[in-house]
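With the hints in hand, could you dock these two chains into one complex?
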Amino acid sequence: MPSIVPTFAWLEGLAWTTALRESPYGYPLIETSHVACIVVFAGLVIMMDLRLVGLAFTHAPLAQIQRRLFPWQMASFVPSTATGILLFCVDPLRYYRNVFFLAKLVLLALAGLNALAFHLKTYRTAEGWDEDPLATTTARVTGAASLLLWSLTIVSSRLIPNNWFK
Amino acid sequence: MKRNIFLVLLAAGALCAVQPAHAHHAFAAEYDNTKPLTLNGIITRMEWANPHGWIYMDTKEPNGAVKHWMIETAAPSQLSRHGLKKADFTDGMTAVVKGYQGKNDPGLANGRTLVMKDGRSFYIGSVGGPNDGAEPQ
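Chains F and R, in that order, are what the protein sequence lines are.
Residue 126 in my numbering sits at position 128 of the first sequence, with consecutive numbering throughout.
Residue 187 in my numbering sits at position 75 of the second sequence, with consecutive numbering throughout.
Chain R on its own, in the form it takes in the complex (with noise of 0.2 Å):
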């Protein structure tokens, strides 16, 4: 019987690690993933920064007026992971960020892809976002 129990809890156990971590707030808290964005801008700063490092970006809307975002990205070790350096990173850069909308924060991102200047393409988004296809498998 003991036995039998162990044997559950190892086979859970082994259940949890097959699923992927979650990151430390769920996406669908604060995100909206039937708002996809695509945003053209000048990466103003960069805070490359636990839990979450954050893009602060400036877009130009329609009308000529200037907006400013604030996007979430995956933490520092999982940015690293996909290829990216805080030294990619300078004040005033053009590119484009591929991501979703926050739900009550009109400002407010999620970013999935960054793409620079000269064309490389990152992932950055967190764990737990949308299957999407951004994240390279």
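Pulled out of the complex, with its shape left as it was, chain F reads as follows (with noise of 0.2 Å):
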């Protein structure tokens, strides 16, 4: 099996990545920004799993807070996700093999499959539990499920920087 290493070795020796890494302001302020657009983005899908749960907004119809709070979830979560990117790229072989660093790439994947079934499955019956304080059982465990999962995935990109297991 081919090595990604040539591959990461060659992302970090490239003119940009380089001049990231070495920079005094560029990189604390891309690190900054990745750190606020996540605050922002997991605030609100806080609220989201919490009316799903029934702990918060429940006499609000389900589809209005959904609504309210999408547009703004998005907004979060693609630059979050572009700086994340951007921090890899600066040291892919710092990452790459960091164990935690790998959980939060699964843990992501999770978070966005239990967010994706919910809204082409789940979500499209809303209609009849809309108004319901209680949603039904099933986007109960998703709200859940997505509490869950968003909280694991910040934990593990907190320990990222501790090299424990190397």
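There may be inaccurate statements among the hints.
[Claimed, not checked] Simulated restraints, written as ranges between beta carbons of each label pair: (1) E10(F) - D170(R): 21 to 27 Å; (2) T206(R) - P22(F): 25 to 31 Å; (3) T79(F) - D200(R): 36 to 42 Å; (4) K197(R) - L27(F): 17 to 23 Å.
[As the list claims (entries may be wrong)] Only some residues are given here: those of chain F computed to face chain R with a beta carbon under 10 Å: (5) S21; (6) Y23; (7) Y25; (8) P26; (9) E29; (10) G52; (11) T56; (12) P159.
Rather than coming from a laboratory, the hints here were simulated on the basis of the structure.
Small disclaimer: the values here were computed from a predicted structure and weren't measured.
The beta carbon of each residue, even a glycine, is placed where N, CA and C say it ideally should be.
Dropping the structure here:
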């Protein structure tokens, strides 16, 4: 199997990744933006999930909460992902074998699939229980899973800088 | 009531601003502040990089063997603020680094002070290190 290492070494050696890695302001700006966008995104996702599990906004129709939060969720998710990809490109060899980084990727994928399944299946049936303070069991489970998966994603992200397992 | 909550939040925010921002990983998670080190050797390479720089240094053990060190420094912005430039480092230069031993890795250290051959001394420590007087006030 061909190794990914030469590709990452090439990426790390590019003029623009090197410039960012050595920059006094560029890197901290991207790093701070990454965290700031995640904070906004996580807050919005948590509010949606709390509605689903039945702990917040229970008297507001689900569709209304969804319609109001979704554009802001996307507006924070896109830049947080873009800055995340940039941060990876700046230092690929540091991350690609990091246990917490790999765990983060898996958790992100699971959280994404959970959200996708909700939008494609559960939410389609929402008309029937939209006004109901208590969502359907499937919707509540999806909300709880989302809370858990996004929380774990953030925890594993926070642990990436600790090189406990090399 | 709303006004009171706002004032409390404002005060909390102001307190957070006074507290110096911690490095992205805690000093205590990786380094032992009870094990100070003074490393006298040859800098084989310096990585002027975010989020931390790295000084690679070779020192001589008492038995004559060469020991390789990987010494963490502050980020480029902080190194610049304390007067260092990327061009100050040349591969093969001799220097003295004062710092602390890594907890698990015997070749890992956290740099606090860098003393060049010409006697110039620079603070290279990350934010959140021990309050040992290395950082100029």
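Comparing the hints with the structure gives:
no.	hint	result
1	E10(F) - D170(R): 21 to 27 Å	holds (24 Å)
2	T206(R) - P22(F): 25 to 31 Å	holds (27 Å)
3	T79(F) - D200(R): 36 to 42 Å	holds (37 Å)
4	K197(R) - L27(F): 17 to 23 Å	holds (21 Å)
5	S21	holds (7 Å)
6	Y23	holds (7 Å)
7	Y25	holds (4 Å)
8	P26	holds (6 Å)
9	E29	holds (7 Å)
10	G52	violated (26 Å)
11	T56	violated (23 Å)
12	P159	holds (4 Å)
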